[in-house]
Every structure is written in C-alpha cells, then in structure tokens.
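Novice: Protein sequence lines, in the order shown, are assigned to chains A and B. Just so you know, the first sequence maps onto residues 1 to 274 in this note's numbering. Just so you know, the second sequence maps onto residues 275 to 539 in this note's numbering.
Honestly, the hints are just simulated from the structure, not real lab data. Fair warning: there could be bad hints in the mix.
Simulated crosslink set (SDA-like; lysine to any residue; CA at most 20 Å straight-line) [said to hold, decoys possible]:
| no. | chain 1 | residue 1 | chain 2 | residue 2 |
| --- | --- | --- | --- | --- |
| 1 | B | K331 | A | L210 |
| 2 | A | K227 | A | R215 |
| 3 | B | K331 | A | S104 |
| 4 | B | K331 | A | L105 |
Each pair of labels, with its calculated beta carbon distance range [as the list claims (entries may be wrong)]:
| no. | chain 1 | residue 1 | chain 2 | residue 2 | range |
| --- | --- | --- | --- | --- | --- |
| 5 | A | N63 | B | I353 | 36 to 42 Å |
| 6 | A | A84 | B | T285 | 41 to 47 Å |
| 7 | B | G456 | A | R120 | 23 to 29 Å |
| 8 | B | L278 | A | D241 | 57 to 63 Å |
Computed list of chain B residues with no C-beta within reach of chain A, every gap over 12 Å [as the list claims (entries may be wrong)]:
| no. | residue |
| --- | --- |
| 9 | L302 |
| 10 | A327 |
| 11 | A341 |
| 12 | S346 |
| 13 | I353 |
| 14 | L359 |
| 15 | S375 |
| 16 | M404 |
| 17 | G417 |
| 18 | L434 |
| 19 | V458 |
| 20 | C470 |
| 21 | M480 |
| 22 | Y535 |
| 23 | N538 |
We put the beta carbon where it would ideally sit given N, CA and C, even for glycine.
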Amino acid sequence: MNQAALNPAAAPVIEVTNLVTYYGDRRILDEIDLQVERGEIHVVMGGSGSGKSTLLRHLLSLNRPASGEIRLFGEAVNHLSARALHRLRQRIGVSFQGGALFNSLNVEENVAFPLREHTRLDDNTIRIMARMKLEVVNLAGFGQLMPAQLSGGMIKRAALARAIVMDPQLLFFDEPSAGLDPVVSADLDELILRLRDAMGVTIVVVTHELESAFRIADRITVLDKGKILITATTDEVKQCDNPRVQNLLNRRTEEITVDADEYLQRLTDDLNGL
Amino acid sequence: MTSLVRFIEQTGRSSLTALEEIGYHAALFSESLYWLLAGPFLGQPVRLPTIAAEMMKIGVLALPVVALLSFSNGVMMAIQGIATLQEFDAESQVVPGIAYSVTREFGVLIAAIVVAGRSGSAIAARIGSMQMSQEVDALRVMGIEPVRHLVAPILFAMLLMMPVLTLFADTAALIGGGLYTGIVLKLSLSTFIDRCFDTLALYDLMQGLLKSLVFGVLISLIACANGFSVSGGAEGLGRATTRSVVLSIAAIVVADMIFTYFLNR
C-alpha cells in the first residue's frame, strides 16, 4: 500500500507538476500545474488549440511529456513499468470524443469488452454486468445494435457505459456535448452528475462548452494557448477579472493588433525577387 | 551547389526514415512474438477465437482465388513448357520442370501475392480506421496492449495459414499442369502424379513452405505497421492501404529472390 491509498482524503487523484510538451518546435503545454481532488468534477475548459486535448492525452499517458511529472493515484505514470501501467489503467475509465466504440462489436459486447479482457468472470455474469451499465446510461434494450446504428447521443452513452464497466475510481470525458443538440447534451450532463453521486467517482471533463461546464463542474481550469489562466470554483471563475478568461466566457474574440511592417513581411516572406 | 546539398539532405532524410521504418517493423515483430509466447503467463493471452477468426479471413476465404490462380498458372506452365521443350524433342521433361518450379517458386508466390492483396489491404484498412476513430487509444487506456490484441493474432494466423495455402496452391497448380500435359501428351493424371513424386524431394516442398512463413511475417508486419501509421483522414487511410499492398508484394518478390539464391547454390 502506498501513501496515497493510506490517506485518501488528503492526496489528490491527479497531480500534474510543471508539464511541458512540444509538437515539433511549437510549445503546446507550458508549465502546467494541476491538481484534481478525490470525488470532484473537474472541468478543463479552453478553445480550440488551447492544448486541452493534448493535456488529456498526457493524463491518459498516451503521450510522453518533454518534461514535468504526472501522478495518478499518487503514482508517477512516466516511471511505471508496462504491467503496472496496465493495472493502473484498469482503475480508469475514458469516454472518447467520438465514442471510440469497437465497430466490429455490438453495444453489449463493447461494454462487456474490458470485463472479458481483465476478469475471469463467467459469460452470464459478464453479460448481466454489461446490461446493468447499459441500464445506468438509459440504453437498456439497445445492446444488440451495432455502433453504426446508434445516434450521436446514444454513442456517447454507450461509450460512458463501457468506461464505467470496471467501476473506475477516475473517469475522463472528452467533449461530452460535442456534436449533440442542447437537450441531449443536457441529459448527458445530468448523467455525469448522477454518476458522481452514485459511484463517488472522480471525473475530469474536457470541453469547450461553457453552459455544460458551469452546470456540472465543482472546479474549472481554464486553459489558453497552452497555459493555465485560472483553476477555481465556478463562481470564482465567473468573477475572475483576467481579460482572457472574460473573453472566453463572453465569447468575445481576442483583438489582434496588426503591425503594418510585420504584416507585409508575412505576406512576402518566402517569395523571391522582392 | 545548393541543389547538390539539397539532394544529399533529401537522400539522408529518406534513408533515415526507411531505417526507422525497418526498426518499427522489427519492434512490432518482437513484441508480437513476446505476447504470443509470454502472454498466457502474464494473464494476457492472445485469444484463440480471435486467432481462429483471422485464420478464417486470411486462409480459408482465400482458398477459391488461390485455387483458380494456381490452377491457371499450372496450365500456363505446361503450355509454355511443352512449346519450348518441343524444339529440343524433350517435351516429356515438362513434368519435372513443372514439379520443381511449382513447389519451389510459384505455389508459394501465388499464395503470398493473393494474401498480400486480400488480407494486406484489409488489415491495413481495419487497423487504420481503428486508429482514426481512437479505437486503438481506447484499447490502450483500457490497459489492453494493441499489439497483443490486434497484431499478434494476425501474425499467428498468418504463420499457420501461409504453409497451408502454399500446399494447396502447389496441389492446384500440379493438377492444372497435369491435366493439360495429360491431354496434349496423352499422359494419364496418375502417371503425371507418379512422375512428380519421383522427381520431387522433401527439400523442394520445404523450400516453398519455409518461404511461405517468411512471406507471412512480411505481410502481417507491413500491413499492421501501415495501419497504425494512418493519419490525415480518409485520404491517409487509402494511402496506407495501397502502400501496404504494394510494399508487401515488393518485399515478397525481393525476399524470394534472396532466399532462392541462398537455397539453390
């Protein structure tokens, strides 16, 4: 047993310190420090290109950082062996933006898939557990459909059912409301809140949807151009006087100052004979 | 001067990319072998139903095409053989000619090219679309190694089915050649087969079978590697699929040449 497990109240579930990453020469994330407490719904919010998807990939250890450290449940994921990482990942559920359901399997088989791979339960138990999770996300009776036959909202809910089938302690949600109409999106928000109350799971949501973010979040981290502008409760974020946060909240575009010489330079940069 | 520098730079860069790619294939190969051998002891075995499904797709479903192509190829060789050997009044020597070239070369080559075309493209497309829809990421974050789940069963099925397909192709080609020779030279099929068995040694068959294993590995690795490397949407997927087929067939033919050189000196 490690320290974090002995002292659950104090240790954050996710602890990111000084994370820096590059894409080619471009700095995508710049000195990110982030803590997600046990049992909270933490929303990472930012516009396109803010680096929020990259941050998520790092939290899932799908990308390796240039420098900095990420700890999940107190364990530094960069230094884990492959087996330890496999075990750690069984305590985590992820619902991807497009669902990422396995197209060759029907909905029930998709939900049952992690159980089949990681447990030795018999077939009937696995199917019952998969159906229970489908009940939780209001997809009872749709188990035999193939992913291609589902609507956008159903795909998200099926992906959620698969993410929670191993009863994870930490749940990641990538853009839950992307591509959904407001009603379906609100349904999904309710579902996320209900899950946290029922399972006591820590939830990290990455989104650009303001409305949904403020409805579900306990705390919000606002990311802009690879830097964290603020991490605070929803009210504090609303009252924050940082102009870039306010721009994001009020959907104002950033004013870009144009320097005439630089502008000309950009236009003619790589042309010959000028 | 600048163009020369650019040329050297370009050559260096593409050589590096090629080396990197070869390294990636080698890593994929060793990792798949690792999971096939060690997986059961780590509680992460390569699943038998998955292997069986791959064997069905790679091997069984390819049988009709392999049969047709090999049979035609056998007939073709008989026609050419008889026509050429007639000039020397040696048309009866067509039987050992067909027997040798089919078992050592053409059986395995046809089987491999059919598999490269059918399964090489299908595998690259399947893994590529899984990569695009984040299904590969989903496997990874579930704690399921994509190589174990996707590549290892393909490699294993390929290693089992390629020799089978090769033997099948050998048989079909010999029957094709035998039938044509029988009609033209008034040789019964059973005499043809008897004379085939007289000429053929186990070594000839083994040559084809050994090569079939190598080709199977090449096709699996090239197809899977191209699948995983898909980026850039539907166009990228199409490019990876095409690339997988072209590269597999090229690799097969070149590897065949190298093997034939060393096995027949």
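Novice: Take the hints in turn and mark each one as holding or not.
Specialist: Taking the hints in turn, this is what the structure says about them:
1. B:K331 x A:L210: This hinted pair is violated, its Cα atoms lying about 48 Å apart.
2. A:K227 x A:R215: violated (24 Å)
3. B:K331 x A:S104: holds (14 Å)
4. B:K331 x A:L105: It holds: about 17 Å lies between the C-alpha atoms, which stays within 20 Å.
5. A:N63 x B:I353: 36 to 42 Å: violated (59 Å)
6. A:A84 x B:T285: 41 to 47 Å: holds (43 Å)
7. B:G456 x A:R120: 23 to 29 Å: violated (59 Å)
8. B:L278 x A:D241: 57 to 63 Å: holds (59 Å)
9. L302: holds (16 Å)
10. A327: Per Cβ check, A327 of chain B is inside 12 Å of chain A; nearest 10 Å; violated.
11. A341: holds (28 Å)
12. S346: Fine: 34 Å to the nearest Cβ keeps S346 of chain B off the interface.
13. I353: At roughly 44 Å from the nearest Cβ of chain A, I353 of chain B sits farther out than 12 Å, so the non-interface label holds.
14. L359: Correct as stated: the minimum Cβ-Cβ distance to chain A is 52 Å, above 12 Å.
15. S375: Per Cβ check, S375 of chain B is outside 12 Å of chain A; nearest 40 Å; holds.
16. M404: For M404 of chain B, whose nearest Cβ neighbour in chain A is about 8 Å away, the distance does not exceed 12 Å, so it is violated.
17. G417: Check fails; 4 Å does not lie beyond 12 Å.
18. L434: holds (21 Å)
19. V458: Answer for V458 of chain B: holds, closest chain A Cβ roughly 50 Å.
20. C470: Non-interface label on C470 of chain B holds, nearest chain A Cβ at 43 Å vs cutoff 12 Å.
21. M480: The claim stands: M480 of chain B keeps its Cβ more than 12 Å from every Cβ of chain A (closest is about 37 Å).
22. Y535: holds (40 Å)
23. N538: Since the minimum Cβ distance to chain A is about 44 Å, N538 of chain B lies beyond 12 Å and the statement holds.
Going down the numbered hints, you'll see the structure goes against 1, 2, 5, 7, 10, 16, 17, while the others check out.
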